[in-house]
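There are 2 protein chains.
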Amino acid sequence: MDIQLKRGLLDVCVLAAIKNEDSYGYKIIKDLKPYIELSQSTLYTILKRLETAHMLTVHTVEHDGRLRKYYHITEEGIKRIDDFKNEWNEILTIYRFVVKEDEEDV
Amino acid sequence: MDIQLKRGLLDVCVLAAIKNEDSYGYKIIKDLKPYIELSQSTLYTILKRLETAHMLTVHTVEHDGRLRKYYHITEEGIKRIDDFKNEWNEILTIYRFVVKEDEEDV
DNA sequence: AAGTAATACTTCGTGATACGATGTATTACA
DNA sequence: TGTAATACATCGTATCACGAAGTATTACTT
Numbered sequence: 010m011d012i013q014l015k016r017g018l019l020d021v022c023v024l025a026a027i028k029n030e031d032s033y034g035y036k037i038i039k040d041l042k043p044y045i046e047l048s049q050s051t052l053y054t055i056l057k058r059l060e061t062a063h064m065l066t067v068h069t070v071e072h073d074g075r076l077r078k079y080y081h082i083t084e085e086g087i088k089r090i091d092d093f094k095n096e097w098n099e100i101l102t103i104y105r106f107v108v109k110e111d112e113e114d115v
Numbered sequence: 010m011d012i013q014l015k016r017g018l019l020d021v022c023v024l025a026a027i028k029n030e031d032s033y034g035y036k037i038i039k040d041l042k043p044y045i046e047l048s049q050s051t052l053y054t055i056l057k058r059l060e061t062a063h064m065l066t067v068h069t070v071e072h073d074g075r076l077r078k079y080y081h082i083t084e085e086g087i088k089r090i091d092d093f094k095n096e097w098n099e100i101l102t103i104y105r106f107v108v109k110e111d112e113e114d115v
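Line by line, the protein sequences are chains E and R.
Numbered according to my numbering, the first sequence terminates at residue 115, and the numbering increases by one at each position without gaps.
Numbered according to my numbering, the second sequence terminates at residue 115, and the numbering increases by one at each position without gaps.
Be careful, since some hints might not be right.
The list treats identical chains as one, so a pair stands whether inside a single copy or across any two.
Capping the alpha-carbon separation at 16 Å, the derived lysine to aspartate or glutamate pairs in EDC-like fashion look like this [stated by the list, open to error]:
1) Lys-78 <-> Asp-31
2) Lys-94 <-> Glu-112
3) Lys-36 <-> Glu-46
4) Lys-88 <-> Asp-11
5) Lys-88 <-> Glu-112
6) Lys-78 <-> Glu-60
7) Lys-94 <-> Asp-111
8) Lys-94 <-> Glu-113
9) Lys-109 <-> Asp-91
10) Lys-78 <-> Glu-30
11) Lys-109 <-> Glu-30
12) Lys-57 <-> Glu-85
13) Lys-94 <-> Glu-110
14) Lys-42 <-> Glu-110
15) Lys-88 <-> Glu-60
Since the hints were made in silico from the structure, they are not lab data.
All of these numbers come straight from a predicted model, not from anything done at the bench.
Sequences and hints are given; from them, build the entire structure.
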């Protein structure tokens, strides 16, 4: 998929991935794989960004002798998903414009 | 609207705006305004990028004593719109994932 | 006649971002 | 013994949207 189209979707996808259950980096990548592929460097960049924006909190848990960083969504993170759902209507309007122009002469 | 969400849509919108009739910068901005707002600096950056990518061609026409640069879509530009329409299904899948996760506990 | 809005294109600088490359470290399995 | 899987971190880079500022003409308003 076009890189540019992914932008704007990535943050929300990550938030959606941790919304119902706290999760950690490696699992998030695997969970999202069927929908959107993202590399580790991309994911950790996003997680750090979302943490700075207070959309999630982090807590470290020991698991099988190694550390895992679990990410927990905050109220602001939930609001971010809501905002996205509202913005979706604008996206749809734009999509319809493109299709309309495209089919005008078919 | 979220800046990131606009990315990926911008290029295609501009191409859609010139698809049925050659147009020029100032008019493109006005035509797109109801759907997506973009500044002059943004638009001209996009037009230059699309020209470099051979998705459109430029020809200058004198109009009322001043020069106007008309943009004409190419086959590749038309293909770009087609590609976008295909990618739209992936976007929809992602959208549905976000909504599904979001409504799981409602 | 003077001033302002609209038309029309250009360039510069900047912050945000996705991602490849690379590194570290442990566990599981062949 | 080796390799894949698990798990997180950092650096550098190219791309990009956009504000700011500039240039120049036409059209209107006062």
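Status of the hints after comparison with the structure:
In this assembly of identical chains, Lys-78 and Asp-31 lie within 16 Å of each other by CA distance solely inside one copy; the values are 10 Å within and 54 Å between copies. Within a single copy, Lys-94 and Glu-112 get their C-alpha atoms only as close as 27 Å, which misses the 16 Å cut-off; across copies the closest is 11 Å, which meets it. In this assembly of identical chains, Lys-36 and Glu-46 lie within 16 Å of each other by CA distance solely inside one copy; the values are 13 Å within and 38 Å between copies. Only between protomers do Lys-88 and Asp-11 lie at most 16 Å apart by alpha-carbon distance; the minimum there is 14 Å, versus 27 Å within a single protomer.
In this assembly of identical chains, the alpha carbons of Lys-88 and Glu-112 lie at most 16 Å apart only when taken from different copies (13 Å versus 36 Å within one copy). Taking CA atoms no more than 16 Å apart as the test, Lys-78 paired with Glu-60 passes inside one copy only; the shortest distance there is 12 Å, against 45 Å between copies. When the C-alpha separation of Lys-94 and Asp-111 is checked against a cutoff of 16 Å, the pair qualifies only between copies, where the shortest distance is 10 Å, while the shortest distance within a copy is 26 Å. In this assembly of identical chains, Lys-94 and Glu-113 lie within 16 Å of each other by CA distance solely across copies; the values are 15 Å between and 29 Å within a copy.
For a Cα distance limit of 16 Å, the shortest separation of Lys-109 from Asp-91 across copies, 12 Å, qualifies, whereas the shortest one inside one copy, 28 Å, does not. For a Cα distance limit of 16 Å, the shortest separation of Lys-78 from Glu-30 inside one copy, 13 Å, qualifies, whereas the shortest one across copies, 54 Å, does not. In this assembly of identical chains, the alpha carbons of Lys-109 and Glu-30 lie at most 16 Å apart only when taken from different copies (14 Å versus 40 Å within one copy). With identical chains, the CA atoms of Lys-57 and Glu-85 are at most 16 Å apart within one copy only, with a shortest distance of 15 Å there and 38 Å across copies.
Within a single copy, Lys-94 and Glu-110 get their C-alpha atoms only as close as 25 Å, which misses the 16 Å cut-off; across copies the closest is 12 Å, which meets it. Taking the closest pair of Cα atoms, Lys-42 and Glu-110 come within 16 Å of each other only across two copies (15 Å); inside a single copy the shortest separation is 33 Å, beyond that limit. In this assembly of identical chains, Lys-88 and Glu-60 lie within 16 Å of each other by CA distance solely inside one copy; the values are 14 Å within and 39 Å between copies.
This entry satisfies every hint, going by the numbered hints stated previously.
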